[in-house]
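In order, the protein sequences belong to chains A and B.
When you line the first sequence up against the numbering used here, it's residues 1 to 105, in that order.
When you line the second sequence up against the numbering used here, it's residues 1001 to 1340, in that order.
The set of hints was computed from the structure by calculation and includes no laboratory data.
Each residue gets a CB set at the ideal place from its N, CA and C atoms; glycine is no exception.
Just so you know, not all the hints are guaranteed correct.
[Claimed, not checked] Beta-carbon label-pair distances, calculated as ranges:
| id | chain 1 | residue 1 | chain 2 | residue 2 | range |
| --- | --- | --- | --- | --- | --- |
| 1 | B | V1108 | A | Y21 | 27 to 35 Å |
| 2 | A | D31 | B | V1014 | 18 to 26 Å |
| 3 | A | I61 | B | G1091 | 49 to 57 Å |
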Amino acid sequence: MEQFFLFMGIGICVLMLLTLYRVVVGPTVIDRLMGVNVFGTKTTVLLLIIGVMFDRLDMFIDISLAYALLNFIVTIATSRYFQHHKTLSATGYGYSFSKREKSDD
Amino acid sequence: MIWQLDLLILSLIVLCALATISVKDLFSAAIIFGAYSFLMCLLWTEMGAVDVAFTEASVGAGVSTVLFVAAVFRTTRKVKDRGVKRYWTKGVGLLAATSVGGVLIAAVGDFPGFADPLSPASTHLSPYFITNTLTDTAVPNIVTSVLADYRGYDTMFETAVIFAAGLAVIAILRRSKTGVQHESREKVILSEGYEDTIIRLVARKMVPFMQLFALYVLAHGHHSPGGGFQGGVILGASFILIAISYDMKMLLGRMSEKWNVLLGNIGVLVYAGIGFVCLLLGANFLDYSILHRILPATDEIMARSHGMLGIETGVAIAVSAIVVSLYVNIASQGKHDKGL
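Take the sequences, apply the hints, and build the full model.
Structure follows, in C-alpha cells:
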C-alpha cells in the first residue's frame, strides 16, 4: 500500500511537470494562470497523499483545506485585472495597453 | 522524508525559480512565483515541517500573489529596454554572485546531515522541548509552545514588525482628501463593481466558511498545525475576497479604515498586555504560569496553555487587520476609492 501511494505521488509530480511546462512557456498570461490553477489543485491532492504516507492525515488535511479555500482568490484577482485593462490579444504576452491607458501614464 | 518526491519537487522548484527571474513580464513573474510558493509548501510538508508549510499555504495562496497582482495593476507591466549594454556592471554582478554562491556551496559540506541526531541543534535545546513541552505547558504541538511560550519575545517583536510594515505602507501610499471618507457614512453603501452573479454568489457563500475555518485554525493551533498567524492571514484573505468580488467600497463599509488601523494596534496591545499582566502579578514578562491567580479553575500548567491562546488571538487580530490594510492601500494606490 505504501508503494501504491508513493507511485501515485510520483505520478502527480510528473503531471505537475507537464503543467509547469505550460506555466513557464506560456505564451500568454492566461495560459500561465490556468497552469498555476491546475498546479494548486494538484498540490492539494499531493499534500493529502504525503499525509497518508506519513500516516498523519489529520495534520495535513488543514493545509489542504486552506489551499482549497484560498486557491481561487488569485484567479479572481487576475480576472479583475483583465476586466479593467480591456485589450487582450492572442499574440505576444497576450495583452497590450490601449492608447487611452498609455496617455494616462 | 521520501527521497523520490524530494528530488522531483526540488527540481520543479529550480525550474520555477529560473522561469521567475527570466520572464520579462511582471505579471507572468508574479503568477509563476505563485507556483513557486505551492512547491515550497509541498517541500516543507514533505520534510515534516507542517507549521511552516501551513504558513506558506495561507500566505502564498491567499495574500502574496494578490498583493503582487494589485501592485502590477497600479504600475506598468513591462520593463523598458534602454538599449544600453552594460557588460561591465553585469560582469561584476556575475562575479559577486558566483563567488558568494561558491562560498555557500563550500559551507554546505560542514552541515550535519538531515535529521542527524548528533547535530548541535538536536543535542542542546531540542531534547528539552521534546521531552518537557507536554508536562510544562499541556500543549501537544511543540512548535506552538516554542513560538508562543518559550520564545514569546521573538514572536511579540515579529508581530510588531508586521504592524510596523503595515504602518509604513500606509505612511507611504495613503493619500486622502479631508472629508471624503466621512461622506460614505450617510449614504447606503452599495457596491459599484461589476455585476458578476456567479462570482458574487460564490464569494458570499464562501466567506463565512473561510472565516469559520480561520477561527478553527487559530483555536486548534495547540493541537495541530496552525495558530494565530495562519488564522489571521486566512481571515484577512476572506476580507480581500469580499473586496475583489464586490468592490472596495463594500469592504470599507464592513471594515472601515479607522477600525482597520485600530485593530492592528489592538492585536499588538493584546500580546504585550498579557505580558504586562504577568509582570503586574509578580512574574517575568510573558511568563504565563502566574496567570493561574486570575484565571478561574486553572493550575500553573493550564495557565500557560491559556496564555498562549490569548497571545495567538492578539497575533491573529493584528495580522488580519494589517493584511487587509496592505491590500486596500496597494490596490487603490492609497486613495481608497476602487481596487482591483
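Here's how the hints hold up against the structure:
1. V1108/B with Y21/A: 27 to 35 Å: 30 Å, holds
2. D31/A with V1014/B: 18 to 26 Å: This hint holds: roughly 21 Å between Cβ atoms.
3. I61/A with G1091/B: 49 to 57 Å: 51 Å, holds
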